[in-house]
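Chemist: Just so it is clear: in the sequence shown, position 23 is 23 by the UniProt record's numbering, and no numbers are missing.
Please keep in mind that the hints were generated in silico from the structure rather than gathered at the bench.
There could be a bad hint or two in this list.
Unchecked claim - If you anchor each label on the Cβ, the simulated ranges turn out as follows:
1. Ala66 / Gly14: 18 to 26 Å
2. Gly237 / Ala117: 21 to 29 Å
3. Ala222 / Val20: 35 to 43 Å
4. Pro205 / Leu183: 40 to 48 Å
5. Asp42 / Arg16: 17 to 25 Å
6. Ala23 / Gly191: 41 to 49 Å
7. Arg94 / Gly237: 30 to 38 Å
8. Ala11 / Ala200: 35 to 43 Å
9. Arg24 / Ala200: 38 to 46 Å
10. Arg16 / Gly151: 32 to 40 Å
11. Leu179 / Ala23: 28 to 36 Å
Each residue gets a CB set at the ideal place from its N, CA and C atoms; glycine is no exception.
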Amino acid sequence: MTAPEAFTRDAALGGRLHLVQPARGHRFGHDALLLAAAAPDDTRALADFGAGVGAAGLAALMRLPAARGVLVEIDPGLADLAGRNAADNAMADRCAVVCGDVARLGRPGGPEGLAPASLDLVLANPPFNAPGAHRASPDPDRARAHMAQSGTLADWATAAYRCLAPGGMLAMILRPTELAPLLAALEGRYGAAVLLPIHARPGAPAVRLVVRARKGRRTAPAIAPSFLLADADGTPGAAADAVLRGRAPLPFPDAAGAARP
Numbered sequence: 001m002t003a004p005e006a007f008t009r010d011a012a013l014g015g016r017l018h019l020v021q022p023a024r025g026h027r028f029g030h031d032a033l034l035l036a037a038a039a040p041d042d043t044r045a046l047a048d049f050g051a052g053v054g055a056a057g058l059a060a061l062m063r064l065p066a067a068r069g070v071l072v073e074i075d076p077g078l079a080d081l082a083g084r085n086a087a088d089n090a091m092a093d094r095c096a097v098v099c100g101d102v103a104r105l106g107r108p109g110g111p112e113g114l115a116p117a118s119l120d121l122v123l124a125n126p127p128f129n130a131p132g133a134h135r136a137s138p139d140p141d142r143a144r145a146h147m148a149q150s151g152t153l154a155d156w157a158t159a160a161y162r163c164l165a166p167g168g169m170l171a172m173i174l175r176p177t178e179l180a181p182l183l184a185a186l187e188g189r190y191g192a193a194v195l196l197p198i199h200a201r202p203g204a205p206a207v208r209l210v211v212r213a214r215k216g217r218r219t220a221p222a223i224a225p226s227f228l229l230a231d232a233d234g235t236p237g238a239a240a241d242a243v244l245r246g247r248a249p250l251p252f253p254d255a256a257g258a259a260r261p
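When you get a sec, could you build the whole thing from the sequences and use the hints?
Modeler: The structure is reproduced here in structure tokens:
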């Protein structure tokens with residue numbers, strides 16, 4: 001039996017969401033909360049690919065009380081924790097857990113529990129550290145969560161395509177260095193992609209990209225105004241605080257250029 005000290009119980013969304021997670025290895029952070037904030041307000045059926053302990057999916061469901069979700073995680077231990085966290089946060093009745101490989105979702109013989117064309121939103125936080133460009137963590141769970149393999153983005157985008165209904169949305173968070181493989185993964189399947197650069201402070205390079213794209217659309221990609229996490233002195237901005245506490249979605253613009261949820 002794993003010792004109790006191997007886990008911690010941590011608060012997110014200003015204390016409204018509590019998550020049990022491993023004390024060492026892959027732990028949730030801002031990436032999961034930013035990804036959750038990419039969910040449109042009208043979402044009704046979502047999945048969180050690479051859910052870990054469920055941070056992004058549960059944070060999205062916390063903001064969207066009418067939505068139902070599926071947390072997809074390949075690691076059995078983390079999948080068990082995701083289910084526990086859904087129950088502990090009173091969301092077990094509208095949140096299922098699927099333990100399986102994202103790339104096999106929607107295929108014959110793939111993981112059960114997520115039917116093809118059944119979702120209007122997929123949240124995805126794929127591994128994005130390229131081997132050779134980044135040193136792998138000695139912790140195997142952390143390494144699997146962070147280190148991408150060749151074709152990972154394409155595999156996850158394809159799996160999302162199978163699970164999304166026509167016009168459904170794929171939302172991903174990744175490093176800006178992954179822009180080229182991201183656009184290649186979306187090509188021919190998704191359109192109307194909007195890329196939102198995330199900056200730690202004014203004047204600093206983007207540290208993340210959050211992208212939303214629609215299944216089956218052909219509209220060209222667009223770049224949204226940058227989103228700042230903190231002011232020049234490191235003080236968290238009011239807009240970032242509202243997003244990270246789950247009180248507001250990320251400000252993605254619509255086709256007319258106005259910000260919308």
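Chemist: Any of the earlier hints contradicted here, and which numbers?
Modeler: 2, 4, 8 and 9
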